[in-house]
Structures are given as C-alpha cells and as structure tokens.
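Residue numbers (the working numbering), protein chains in the order written: chain A, 1 to 113; chain B, 1 to 129.
No lab work stands behind these hints: they were computed from the structure.
Because the structure is a prediction, the values reported are computed rather than measured.
Any given hint could be a false lead.
Stated by the list, open to error - In silico contact screen, one side only, chain B against chain A (beta carbon under 7 Å); selected entries:
(1) G35
(2) F39
(3) E56
Every residue, glycine too, gets a C-beta built ideally from N, C-alpha and C.
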Amino acid sequence: MVNRIIVGAHYGLKDWLAQRITALLMIGYTVIFLVVWPRPMSYAGWKALFAQGWMRFATFLLVASVLIHAWIGMRNVWMDYVKHTGLRLALEVATILWLVGCAGWAMQILWRI
Amino acid sequence: MPDLTAKKKRPLWYNLSPLNLPLPGLVSILHRVSGVVLFLGLIAFLYLLDLSLASESGYAQAAGLLRAPIAKLLVIASIWALLHHMCAGIRHLFLDVDIGTSLRTARRSAFAVFIASLALTASIAVRIW
Ligand code: HEM
Ligand code: HEM
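Build out the structure end to end from the sequences listed, making use of the hints.
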C-alpha cells in the first residue's frame, strides 16, 4: 500500500472550479436559447437556427460543458454512495462511456445539418 | 480519572427523512436528484433533437411524440428538473462566493429557488399542454 498524503491543499479544486465554470456556460446558453428559439416553432426555423455557425459553436460549448459538468457531478454522487471500489470504478467508467457517447451523438446531429 | 477509551453512548436523533429536512436541505437533495435525472435524460433529449433536425417528417414525428399526454408530463417533469437544478445551482454559486450564507438569507433563497422553478415550470406547462 502506498503511503498517500490525504490532507493538503487543492485536492479537487480544479474539478470544483471546472464544475462552476461549466455551470456558468450552461446558464449562458440557456439565456441565449430563450432569446433565439424560433417562434412559432417550425422545422424550417428550427433547422435554420442550428445551421448557423455561431449557434453550432455555442451548442458545441454546451455539449462540452455538460460532458465535464455531469462527469464531475456523477463521480461525486458515486463517491458519496458507492463504497465498493470495484463497483464504483465500473459505474464511473459507465458514466464516462455514456457521456462521451452522448457528446459524440450530439456532434453528429449538429454537423449533419 | 475518566475512562477515555470507553465509547460514550451518545443519543442518535438524526432523522434524515426528506420530509423532515429544512427547506435548504430539500433544495440541496433535489439539486442532486435533478442532476442525476438530467444525466439519465440526456438520451431522450438527444433522440428528440436528432429526430427533429433530421428532416421535415422527422420533425413532424418528434412533434407527434410530444403530443401524447404522458410525453407532456415527462417533458414538464424534465423542465422542472432542469429549472430546479439551474436555480439551485445559481444559489449554490452565490453561496460558494460567500453571498447569502446567513441562516436567514439561506432559508429565504432556498424558498425563492422553489418558488422560481415551480412558477417557471407552471408557466411553461400551461403553454405546452
Ligand atoms: C443549467 C445549468 C446548470 C447549473 C447552473 C448547474 C449547477 C451545478 C452546480 C453549482 C453543481 C455543484 C453542486 C455541489 O457542488 O454540490 C452541480 C452539480 C451537478 N450537476 Fe449541474 N448545473 C447545470 C446543469 C446540469 C446538467 C445539464 C446536468 C446533467 C446532464 C447536471 C448534472 C449535475 C450533477 C449530476 C451534479 C452533482 C450533484 C451533486 O453532487 O449533488 N447539471 N450543478
Ligand atoms: C459544524 C459542523 C459542520 C459544518 C459547519 C459543515 C459544513 C459543511 C459545508 C459548508 C459543506 C459543503 C456543502 C456543499 O458545498 O454542498 C459540507 C459538506 C459535507 N459535510 Fe459537513 N459540516 C459539518 C459537519 C460534518 C460532519 C460531522 C460530517 C460527517 C460526519 C460532515 C460530512 C460532510 C460531507 C460528506 C459533505 C459533502 C456533502 C456533499 O457535497 O454532498 N460534515 N459540510
């Protein structure tokens, strides 16, 4: 067993900060979306919205934010409740696969337009 | 000389049932629950986005799916999860930078999170029903 120092500064601070920054980005996207979503909703308007370069860029940032944010969040939840190391590792791997899969799918949807 | 090694019997009165949580506690646990719900709901959201952007008929199909009452209930529940998570998240960010940390204001902001997210959800719910 390696002697690990379990007290000290900055453990998890980067993740904590990343979760806050991505939260702010997602709030920003929500505000933008509420301003620009097509009214009334129609296929043409919906498609035109996501065909714009800046909207794709913003949505790409949203997807990246959700990926990072939800990874840190779900890892925290697993760490709190799942004490069995092997099981927790499996759940964490599943979380990553799920999130990366979702992000890939989102990119495919956006760049297919 | 007191026996320092003996385990003292301390009363355990914790009652962590959600129904007994003070309002800020309820906001907090629902923030966690809504975060997990959003995480699991990603796939449904992506499915609808995919369908609606694929073609004119896909868009109509997605709109058709969302017309079913059960679908509407799920959409409303998801919107509430997102709004609660976002409002509680914003409150959390303020608390992180030490704003509103007194018991009085923390209780008030917890109350505001419930009111804001429920009111916004209700206003959207009546529109899409
Ligand atoms: C819309 C804007 C959002 C804001 C402002 C926001 C804010 C936050 C904040 C501040 C935290 C940290 C809570 C803590 O440290 O206890 C958090 C945790 C979390 N978020 Fe978000 N979030 C947002 C969107 C999302 C989305 C879209 C998802 C999922 C796809 C998500 C999933 C989670 C999860 C799973 C946690 C961990 C919950 C916990 O540890 O109790 N969040 N969120
Ligand atoms: C006067 C005593 C205590 C104070 C003022 C206090 C305060 C706090 C604060 C401010 C947080 C951060 C909450 C957040 O960012 O979400 C926290 C988290 C936590 N505390 Fe305490 N705490 C106290 C006692 C304890 C005790 C006795 C335990 C365990 C036996 C404990 C276990 C935890 C855990 C596990 C978390 C992380 C929870 C989470 O992020 O979901 N705390 N505490």
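Hint by hint, here is what the structure shows:
{"no.": "1", "hint": "G35", "result": "holds, 5 Å"}
{"no.": "2", "hint": "F39", "result": "holds, 5 Å"}
{"no.": "3", "hint": "E56", "result": "holds, 5 Å"}
When each numbered hint is compared with the structure, no violation occurs for any of them.
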